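Chains X and S are the protein sequences, given in the same order.
Sequential numbering of the first sequence, starting at 5, is according to our numbering.
Sequential numbering of the second sequence, starting at 118, is according to our numbering.
Read the hints as simulated data drawn from the structure, not as lab findings.
Keep in mind that a hint or two might mislead.
To be verified - Label-pair restraints from in silico Cβ distances: (1) S:Asp286 with X:Lys114: 52 to 62 Å; (2) S:Leu419 with X:Asp53: 15 to 25 Å; (3) X:Ala68 with S:Lys293: 38 to 48 Å; (4) S:Val361 with X:Asn64: 40 to 50 Å; (5) X:Ala68 with S:Asn265: 22 to 32 Å; (6) X:Asp53 with S:Ala355: 28 to 38 Å; (7) X:Asp10 with S:Ala404: 21 to 31 Å; (8) X:Ser96 with S:Ala355: 40 to 50 Å; (9) X:Asp53 with S:Arg282: 41 to 51 Å; (10) X:Asp9 with S:Glu173: 25 to 35 Å; (11) X:Asn64 with S:Ala369: 34 to 44 Å; (12) X:Gln103 with S:Pro288: 54 to 64 Å; (13) X:Val95 with S:Val149: 54 to 64 Å; (14) S:Arg248 with X:Ser96: 41 to 51 Å.
As the list claims (entries may be wrong) - Far from chain X, some chain S residues (derived; all Cβ distances over 10 Å): (15) Leu208; (16) Pro313; (17) Ala417.
Note that the structure is a prediction, hence the values are computed from the model and not measured.
We treat Cβ as the ideally placed atom computed from N, Cα and C, and that holds for glycine.
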Amino acid sequence: MPSQDDLSALQKKFYTLYNSLKDAYWAASTVESKDQIHGAEDLVNQILDMLDREDIESDNSAMADLTKSLKDSIKDLSDLQNKLDAIVHNVSIANTAIQAINDALVAATKIADGA
Amino acid sequence: MTGSYGILAVALFVALAACDTQYAGAIADFGVAATAVVQQTRGAYTLVNDTVLQEEILSLSAKSGPFDSDPTKAFPLFVTQEDLNIRNALLDALQAYATALGKLTGKTDSDLDTETTKLASSLTDLSKNERLEHSFREVKSVSKEETNAAAAGLAAIGKLLIARRIAADLPAILKKNQPHIEALARLLIHEIGDVPTSAEPGRLRGKLWRTYDSLLEAQVKVVNASAAGSNEKQQSVAKLASLVAAQRNADAALAGTQSALKKLVAAHRALLQVKSAPAGFKTEVAALLAQAKQAEEFYAKLPGK
Numbered sequence: 005m006p007s008q009d010d011l012s013a014l015q016k017k018f019y020t021l022y023n024s025l026k027d028a029y030w031a032a033s034t035v036e037s038k039d040q041i042h043g044a045e046d047l048v049n050q051i052l053d054m055l056d057r058e059d060i061e062s063d064n065s066a067m068a069d070l071t072k073s074l075k076d077s078i079k080d081l082s083d084l085q086n087k088l089d090a091i092v093h094n095v096s097i098a099n100t101a102i103q104a105i106n107d108a109l110v111a112a113t114k115i116a117d118g119a
Numbered sequence: 118m119t120g121s122y123g124i125l126a127v128a129l130f131v132a133l134a135a136c137d138t139q140y141a142g143a144i145a146d147f148g149v150a151a152t153a154v155v156q157q158t159r160g161a162y163t164l165v166n167d168t169v170l171q172e173e174i175l176s177l178s179a180k181s182g183p184f185d186s187d188p189t190k191a192f193p194l195f196v197t198q199e200d201l202n203i204r205n206a207l208l209d210a211l212q213a214y215a216t217a218l219g220k221l222t223g224k225t226d227s228d229l230d231t232e233t234t235k236l237a238s239s240l241t242d243l244s245k246n247e248r249l250e251h252s253f254r255e256v257k258s259v260s261k262e263e264t265n266a267a268a269a270g271l272a273a274i275g276k277l278l279i280a281r282r283i284a285a286d287l288p289a290i291l292k293k294n295q296p297h298i299e300a301l302a303r304l305l306i307h308e309i310g311d312v313p314t315s316a317e318p319g320r321l322r323g324k325l326w327r328t329y330d331s332l333l334e335a336q337v338k339v340v341n342a343s344a345a346g347s348n349e350k351q352q353s354v355a356k357l358a359s360l361v362a363a364q365r366n367a368d369a370a371l372a373g374t375q376s377a378l379k380k381l382v383a384a385h386r387a388l389l390q391v392k393s394a395p396a397g398f399k400t401e402v403a404a405l406l407a408q409a410k411q412a413e414e415f416y417a418k419l420p421g422k
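So here's chain X without its partners, still in its complex pose (with noise of 0.2 Å):
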């Protein structure tokens, strides 16, 4: 079972990539892209919702949830991941949410692999 620490750091990594893809999504130009986004917005607004009210390291059933929802995403979050440089032509917003994927990845693939 993850720790109160590592569920802490996973929920504050996922609120960093909450508000990068919000930049990212209205930095991007198209309609098409900016539903990309908002697909990805809203895989993480399903854990963050979790992470805030579960009372997950003592429940097995809300930390299976997590668990799951946590594998899914990270499939996503890395296809979105490889095309952010295309859709997102601000540099620096662009850059900025990679990174927070790739922050949120590592803290998710710790949880999901442990578990």
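Use these hints to put chain S onto chain X, whose structure you have.
Using the frame of chain X, we list chain S on its own:
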């Protein structure tokens, strides 16, 4: 000898009456302030639940195919009814405490009524109920110490409600209950949380802000889908502008509730010194009531009011 007892009795009566007069006005003001803060906090929970519900329902428009769920069951409350009941019990406790102080200094009948006895019993039960801790542990990063302190506060207020007290006990009651009032307020303040861009994001303000973000993005889609210069575009842009303002105002309402809870604690602390520093109490209560008035105006403007 009988004469001495008589003088002593008169002196005691005068002292009690003086105590009564010194505190009565301030306690009555504290009662008004507590009522305002309690209403404001109840409004905060309603605001979050209603906004999340609104976003969930509106998100249906982006989905294809028929809606095949029972609408009365498809949208559960974000803060569930069971959890709302626990928060309402905490707020009832704050309100009942202020009323109990008022009864000590006021001229109203201080006999226990059935409602107060029932409330005292429910507060005592809740203070021992594991559900209290579990309910707040669902809000991340609320510590066991915080919920334990709030439970002790509920138990203390429950006891106060059924104890036979007199006005002369008031200073001791205020002093004893200061940490309990702080514990209850701290728990509610913590649960309200902060916006995603803050250092400690999450909880109710985090959720409300993210919900508005989703509403904004959905509205941007409507704007983008409208033909330039059309009435539809004009209306959708106006709606977008109002959502931007609504996000800011809704968050300000929750931040204002946190601030009002802090001011209630400060006003209670100032009550302890009301005899030596009456101006301090007046300042605290005036600030609190000004904030409560703003919140009342905000909640009055919400749809369905």
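Checked hints:
Distance hint for aspartate 286 (chain S) and lysine 114 (chain X): a CB-CB separation of about 56 Å, consistent with the stated range 52 to 62 Å. Taking 15 to 25 Å as the suggested C-beta distance range, the pair leucine 419 (chain S) and aspartate 53 (chain X) conforms, at roughly 23 Å. Distance hint for alanine 68 (chain X) and lysine 293 (chain S): a CB-CB separation of about 46 Å, consistent with the stated range 38 to 48 Å. At roughly 42 Å, the beta carbons of valine 361 (chain S) and asparagine 64 (chain X) sit within the given window of 40 to 50 Å.
Distance hint for alanine 68 (chain X) and asparagine 265 (chain S): a CB-CB separation of about 29 Å, consistent with the stated range 22 to 32 Å. The hinted range of 28 to 38 Å is satisfied by aspartate 53 (chain X) and alanine 355 (chain S), whose Cβ atoms lie roughly 30 Å apart. The hinted range of 21 to 31 Å is not satisfied by aspartate 10 (chain X) and alanine 404 (chain S), whose Cβ atoms lie roughly 41 Å apart. Taking 40 to 50 Å as the suggested C-beta distance range, the pair serine 96 (chain X) and alanine 355 (chain S) does not conform, at roughly 32 Å.
For the pair aspartate 53 (chain X) and arginine 282 (chain S), the supplied restraint of 41 to 51 Å holds, since their beta-carbon distance comes to about 45 Å. Restraint check, aspartate 9 (chain X) to glutamate 173 (chain S): a C-beta distance of roughly 32 Å satisfies the suggested window 25 to 35 Å. About 39 Å separates the C-beta atoms of asparagine 64 (chain X) and alanine 369 (chain S), a value consistent with the hinted range of 34 to 44 Å. Checked against the given bound of 54 to 64 Å, the beta carbons of glutamine 103 (chain X) and proline 288 (chain S), roughly 58 Å apart, stay inside it.
Here the CB-CB span from valine 95 (chain X) to valine 149 (chain S) is close to 57 Å, well matched to the stated 54 to 64 Å. Between arginine 248 (chain S) and serine 96 (chain X) the beta carbons are some 48 Å apart, a value that agrees with the proposed interval 41 to 51 Å. Distance to chain X confirms leucine 208 (chain S) as a non-interface residue, since its nearest Cβ pair spans about 20 Å, more than 10 Å. At the 10 Å boundary, the C-beta of proline 313 (chain S) falls inside the reach of chain X, the nearest C-beta of that chain being 6 Å off.
Distance to chain X confirms alanine 417 (chain S) as a non-interface residue, since its nearest Cβ pair spans about 29 Å, more than 10 Å.
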